[in-house]
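In this note's numbering, the protein residues as written are 108 to 515.
No wet-lab data here; the hints were simulated from the structure.
Certain hints may be false.
As a list, the in silico SDA-like pairs of lysine to any residue whose alpha-carbon atoms are at most 20 Å apart [what the hints assert, rightly or not]: (1) Lys421 to Ile369; (2) Lys287 to Asp426; (3) Lys219 to Ile369.
What follows is a set of in silico ranges between Cβ atoms, one per label pair, in the way DEER data are often shown [as the list claims (entries may be wrong)]: (4) Ala294 to Val196: 40 to 50 Å; (5) Leu343 to Val230: 17 to 27 Å; (6) Asp360 to Asp504: 38 to 48 Å; (7) Cys158 to Val410: 38 to 48 Å; (8) Gly259 to Val354: 53 to 63 Å; (9) Thr419 to Thr160: 43 to 53 Å; (10) Gln500 to Lys363: 45 to 55 Å; (11) Val258 to Phe488: 31 to 41 Å; (12) Val205 to Ile179: 19 to 29 Å; (13) Thr160 to Gly259: 23 to 33 Å; (14) Val196 to Lys421: 47 to 57 Å; (15) Thr419 to Ser170: 44 to 54 Å; (16) Ile175 to Leu343: 26 to 36 Å.
For every residue, glycine included, the Cβ atom is placed at its ideal position computed from N, Cα and C.
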Amino acid sequence: EQQEAIKTMDAVSETKSLQLIAQCEKYPKDDADSTMLETDKNGYLDKASRCSTCWTWWCGFYSNNSLIILVIAALLLARAYPPLGAVYVYPKITASYVALIIVFLLAGISLKTKELKNAVKHVGFNIFVQVFSFGIDSSIVFGFATFLRNVGAISDPLATGLIICGCLSVTVNMVFVLTKSAGGDEAVAVFHAAFGNFVGVFLTPLLILFYVGKNASVDIGTTYFGLFIKVILPVLVGQLLQYCVPVVAKFADKNKASFKMIQEWALVFIVYTTFSQTFYSGQKGASVGEIFIMIAMVFVILVLLMVFAWYTLKLLFHDEPKLRVMGLFGCTQKTVAVGVPLIKALYQNDPMIGLYTLPILMWHPMQLFIGTWLAPYLAAFVARETERLKREQTCADVSPGSPENCES
Numbered sequence: 108e109q110q111e112a113i114k115t116m117d118a119v120s121e122t123k124s125l126q127l128i129a130q131c132e133k134y135p136k137d138d139a140d141s142t143m144l145e146t147d148k149n150g151y152l153d154k155a156s157r158c159s160t161c162w163t164w165w166c167g168f169y170s171n172n173s174l175i176i177l178v179i180a181a182l183l184l185a186r187a188y189p190p191l192g193a194v195y196v197y198p199k200i201t202a203s204y205v206a207l208i209i210v211f212l213l214a215g216i217s218l219k220t221k222e223l224k225n226a227v228k229h230v231g232f233n234i235f236v237q238v239f240s241f242g243i244d245s246s247i248v249f250g251f252a253t254f255l256r257n258v259g260a261i262s263d264p265l266a267t268g269l270i271i272c273g274c275l276s277v278t279v280n281m282v283f284v285l286t287k288s289a290g291g292d293e294a295v296a297v298f299h300a301a302f303g304n305f306v307g308v309f310l311t312p313l314l315i316l317f318y319v320g321k322n323a324s325v326d327i328g329t330t331y332f333g334l335f336i337k338v339i340l341p342v343l344v345g346q347l348l349q350y351c352v353p354v355v356a357k358f359a360d361k362n363k364a365s366f367k368m369i370q371e372w373a374l375v376f377i378v379y380t381t382f383s384q385t386f387y388s389g390q391k392g393a394s395v396g397e398i399f400i401m402i403a404m405v406f407v408i409l410v411l412l413m414v415f416a417w418y419t420l421k422l423l424f425h426d427e428p429k430l431r432v433m434g435l436f437g438c439t440q441k442t443v444a445v446g447v448p449l450i451k452a453l454y455q456n457d458p459m460i461g462l463y464t465l466p467i468l469m470w471h472p473m474q475l476f477i478g479t480w481l482a483p484y485l486a487a488f489v490a491r492e493t494e495r496l497k498r499e500q501t502c503a504d505v506s507p508g509s510p511e512n513c514e515s
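The task is simple: from the sequences and hints, build the whole structure.
Okay, here's the thing in structure tokens:
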């Protein structure tokens, strides 16, 4: 009887074990584990994807705004420890000569002055843009700066810097990029980028000394000799290398991005040492409130100049929409790539040199922001005007003496 009872209990236990096994096979533990692993895997992939997206966004943002980012970093570093940039890196040699010569030598190699032949096609327009860029801009900015200084809104160094900014030539790369994105005349933009900056090397110092020469802490003879050695001679040497040594020209075309990066880093180094010297000297020269007033006035002046240029171009070149778009940028943009080194060459021993460069460092991102915002609207304008001119030309061809009949 005991053996029978034991057999019965074993049978029951075996049956329950089989039921449990069946249940386990129906809901396997491995499924839960694999689900957890899949969840963890998806979570990891999501994090990796987010990190990749953020990195891609940052790379794109840095690529489009590298100069502004590097300048801000240079200003913060200069403020954190001024002696490094003012003393220890020997700025009188590295910044005043080495970096300046690098910037203008590469500029001379890169500037396509052969584009001057394009001037024959649009002589009146080209003269207008250059006169506006150097003459009208500088006189209007001089008037604003003088008024703000006389009423005590900004300090004398900031007013001087604003005047210097108004005397600078057009941007080298930005004018072409914005003109292209806005549907303007790209060939004419290339011409003005080359011609304006080549002429600006000679003309800008004359305008600066004309407007602020009496108050400038510079000796004219010494200044122009230094300007020739650091600015004009490297540009001329670069031009000779470009047109007389084909290997150099090919190398420059092949490595445009590298040239731009080297120029950018040299420019940032000049900005860094310039502000390090300003902070190291202990001379403030401007309050925070004055700097904010300067930012607001740069915006106001830039908008006013663009409005004035736009309606003047409309009056003089009504049926040239592509030229009008290019002229809008060519008349009002100012180069930081050439401007800061020129200021460094002119005022290298002035303790307020950092404040002289501040307005152009504000003008640069402002013109980029406004130009980028306007580009799609200007492109639409060019498309509309081009279509209108085509219709009018077709109308003139079909009904030369009766335009009203063609319109109907």
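Structure-based check of all given hints:
1. Lys421 to Ile369: The given pair, whose Cα atoms are some 39 Å apart, is violated under the 20 Å limit.
2. Lys287 to Asp426: holds (19 Å)
3. Lys219 to Ile369: holds (19 Å)
4. Ala294 to Val196: 40 to 50 Å: holds (42 Å)
5. Leu343 to Val230: 17 to 27 Å: holds (26 Å)
6. Asp360 to Asp504: 38 to 48 Å: Given about 42 Å between the Cβ atoms, the range holds.
7. Cys158 to Val410: 38 to 48 Å: holds (40 Å)
8. Gly259 to Val354: 53 to 63 Å: holds (57 Å)
9. Thr419 to Thr160: 43 to 53 Å: Holds - the Cβ-Cβ distance for Thr419 and Thr160, about 45 Å, lies within 43 to 53 Å.
10. Gln500 to Lys363: 45 to 55 Å: violated (38 Å)
11. Val258 to Phe488: 31 to 41 Å: holds (38 Å)
12. Val205 to Ile179: 19 to 29 Å: Given range 19 to 29 Å: holds, Cβ gap about 23 Å.
13. Thr160 to Gly259: 23 to 33 Å: Violated - the Cβ-Cβ distance for Thr160 and Gly259, about 50 Å, lies outside 23 to 33 Å.
14. Val196 to Lys421: 47 to 57 Å: Cβ of Val196 to Cβ of Lys421: about 50 Å, so the range 47 to 57 Å holds.
15. Thr419 to Ser170: 44 to 54 Å: Given a distance of about 35 Å, which is not inside 44 to 54 Å, the answer is violated.
16. Ile175 to Leu343: 26 to 36 Å: Check passed, 31 Å falls within 26 to 36 Å.
Hints 1, 10, 13 and 15 from the earlier list are contradicted by this structure; the remaining hints agree with it.
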